[in-house]
Each structure stands twice: as C-alpha cells, then as structure tokens.
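Take the sequence shown: its letters are residues 106 to 206, numbered as in my numbering.
Hints were generated in silico from the structure; no laboratory data involved.
One or more hints might be untrue.
[Said to hold, decoys possible] Pair ranges (Cβ atoms, derived):
| # | residue 1 | residue 2 | range |
| --- | --- | --- | --- |
| 1 | Tyr142 | Gly187 | 20 to 30 Å |
| 2 | Lys134 | Arg168 | 17 to 27 Å |
| 3 | Gly133 | Glu198 | 16 to 26 Å |
| 4 | Ser138 | Lys114 | 32 to 42 Å |
| 5 | Glu198 | Lys134 | 16 to 26 Å |
| 6 | Glu199 | Gln143 | 14 to 24 Å |
| 7 | Glu139 | Pro197 | 12 to 22 Å |
| 8 | Ser164 | Val201 | 28 to 38 Å |
| 9 | Ser110 | Ile189 | 14 to 24 Å |
| 10 | Ile186 | Asp146 | 35 to 45 Å |
| 11 | Glu199 | Ser162 | 30 to 40 Å |
| 12 | Lys127 | Gln203 | 34 to 44 Å |
| 13 | Lys114 | Glu176 | 30 to 40 Å |
[Said to hold, decoys possible] In silico lysine-lysine, BS3-like type, Cα no more than 30 Å apart, as pairs:
| # | residue 1 | residue 2 |
| --- | --- | --- |
| 14 | Lys158 | Lys134 |
| 15 | Lys167 | Lys114 |
| 16 | Lys116 | Lys158 |
| 17 | Lys116 | Lys127 |
| 18 | Lys158 | Lys121 |
| 19 | Lys156 | Lys121 |
| 20 | Lys167 | Lys127 |
| 21 | Lys134 | Lys156 |
| 22 | Lys156 | Lys114 |
| 23 | Lys158 | Lys114 |
| 24 | Lys121 | Lys167 |
| 25 | Lys167 | Lys156 |
| 26 | Lys116 | Lys134 |
| 27 | Lys167 | Lys116 |
| 28 | Lys116 | Lys156 |
| 29 | Lys127 | Lys114 |
| 30 | Lys134 | Lys167 |
| 31 | Lys114 | Lys134 |
| 32 | Lys127 | Lys158 |
Yeah, the Cβ is synthetic: ideal placement off N, Cα and C, and Gly gets one too.
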Amino acid sequence: MTRESLTGKQKRYLRKLAHLMKPVVTVGKSGLSEALYQQIDQCLLEHELIKIKVLESSSLEKRECSQQISEHTQSHVAQLIGRIMVLYRAHPEEPVIQLPM
Numbered sequence: 106m107t108r109e110s111l112t113g114k115q116k117r118y119l120r121k122l123a124h125l126m127k128p129v130v131t132v133g134k135s136g137l138s139e140a141l142y143q144q145i146d147q148c149l150l151e152h153e154l155i156k157i158k159v160l161e162s163s164s165l166e167k168r169e170c171s172q173q174i175s176e177h178t179q180s181h182v183a184q185l186i187g188r189i190m191v192l193y194r195a196h197p198e199e200p201v202i203q204l205p206m
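Model the full structure from these sequences, guided by the hints.
Below, the structure written as structure tokens:
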C-alpha cells in the first residue's frame, strides 16, 4: 500500500462507514506496546477500517497516539474526534472498501 494521504472526499466516505462502528482496540494506561501494535495490525488486516479508543488513563495525548499508531501500522487516520480515532488500511491482496476518487 502506498502511504499517500487520503483526500477529503475519501476521509468523509470512511467516516460515514465507521459511524456506527464500536471501538475494537483500547489504548489504556500501559500505552502503546508491541502486543497492542500487533492487535491493531491484525484488526486492520481483517477489517480495513477500525475504531480505537484512547482512555483518559493513557499517558499519551490523542494526536501523538494516533500519529505513532499510524506510522507503526502503515495506516491512515481518517478521523480523530474526542478520544476516538478511525484508522484505515487497505487489505494488501483483496481490498473490500473501494475509496472514491
């Protein structure tokens, strides 16, 4: 997957798809660990689009956290609102979500 940034239209589309989703990963007081990165990576592989919740007890700021996760998992941040982030990464072989051009 290329790491080109998403267009505004693509981000709006992904936010619409993620609207009713529940967070599948939670970042807690232990912060970002290798095990958490593996869990996020696996969820992105299975679903392409996921929500992550950053708890108040986390030592990381939400923007810092989203940037580190995005860089480590080679994904895109489609939305960051409150303590919830929406991440997208197309499946490497069989993408399900077709982004608008």
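Okay, the hints, checked on the actual structure:
For the pair Tyr142 and Gly187, the supplied restraint of 20 to 30 Å holds, since their beta-carbon distance comes to about 22 Å. Remark: the range hint 17 to 27 Å for Lys134 to Arg168 is upheld by a beta-carbon distance near 18 Å. In this structure, Gly133 and Glu198 break the distance hint of 16 to 26 Å, their C-beta atoms being roughly 32 Å apart. In this structure the hint that Ser138 and Lys114 lie 32 to 42 Å apart at CB holds, the actual value being about 35 Å.
Taken as a hint, the range 16 to 26 Å is violated for the pair Glu198 and Lys134, whose Cβ atoms sit roughly 36 Å apart. With their beta carbons about 21 Å apart, Glu199 and Gln143 fall inside the hinted range of 14 to 24 Å. Checked against the hint of 12 to 22 Å, the pair Glu139 and Pro197 passes, with Cβ atoms roughly 21 Å apart. Between Ser164 and Val201 the C-beta distance comes to about 34 Å, which sits within the given range of 28 to 38 Å.
Between Ser110 and Ile189 the Cβ separation comes to about 20 Å, which falls inside the hinted range of 14 to 24 Å. Separated by about 23 Å at the C-beta atoms, Ile186 and Asp146 break the suggested range of 35 to 45 Å. Between Glu199 and Ser162 the Cβ separation comes to about 37 Å, which falls inside the hinted range of 30 to 40 Å. At about 23 Å, the beta-carbon gap between Lys127 and Gln203 misses the expected band of 34 to 44 Å.
For the hinted restraint 30 to 40 Å between Lys114 and Glu176, the CB-CB distance of approximately 24 Å leaves it violated. Restraint check for Lys158 and Lys134: satisfied, since their Cα atoms lie roughly 12 Å apart, inside the 30 Å limit. For the given pair, Lys167 sits about 23 Å from Lys114 by alpha-carbon distance, which is consistent with the 30 Å threshold. Pair hint Lys116 plus Lys158 holds up; C-alpha atoms about 18 Å apart against a cutoff of 30 Å.
Annotation: proposed proximity of Lys116 to Lys127 holds, straight-line Cα distance about 18 Å (limit 30 Å). For the hint pairing Lys158 with Lys121, the CA-to-CA distance comes to about 18 Å; that is within 30 Å, so the pair holds. Distance check on the hinted pair: Lys156 and Lys121 sit about 12 Å apart at the alpha-carbon level, within 30 Å; holds. Of the supplied pair hints, the one linking Lys167 and Lys127 holds, its CA atoms being roughly 18 Å apart against a limit of 30 Å.
For the given pair, Lys134 sits about 18 Å from Lys156 by alpha-carbon distance, which is consistent with the 30 Å threshold. Among the hinted pairs, Lys156 with Lys114 is consistent with the structure: their alpha-carbon atoms are about 19 Å apart, no more than 30 Å. About 24 Å separates the Cα atoms of Lys158 and Lys114, which keeps this hinted pair within 30 Å; it holds. Proposed proximity of Lys121 and Lys167 is supported: the alpha carbons are some 21 Å apart, at most 30 Å.
About 13 Å separates the Cα atoms of Lys167 and Lys156, which keeps this hinted pair within 30 Å; it holds. The hinted pair formed by Lys116 and Lys134 meets the criterion: a straight-line CA distance of about 29 Å does not exceed 30 Å. Restraint check for Lys167 and Lys116: the C-alpha separation of about 18 Å stays at or below 30 Å, so the hint holds. Proximity of Lys116 to Lys156 is assessed by CA-CA distance (about 14 Å); at most 30 Å being required, the pair is judged to hold.
Between Lys127 and Lys114, the direct Cα distance comes to roughly 22 Å. Compliance with the 30 Å bound is thereby established for this hinted pair. Of the pairs offered as hints, the one joining Lys134 and Lys167 holds, with about 13 Å between alpha carbons and a cut-off of 30 Å not exceeded. With a C-alpha separation of about 34 Å, the suggested pairing of Lys114 with Lys134 is violated against the 30 Å cut-off. Proposed proximity of Lys127 and Lys158 is supported: the alpha carbons are some 9 Å apart, at most 30 Å.
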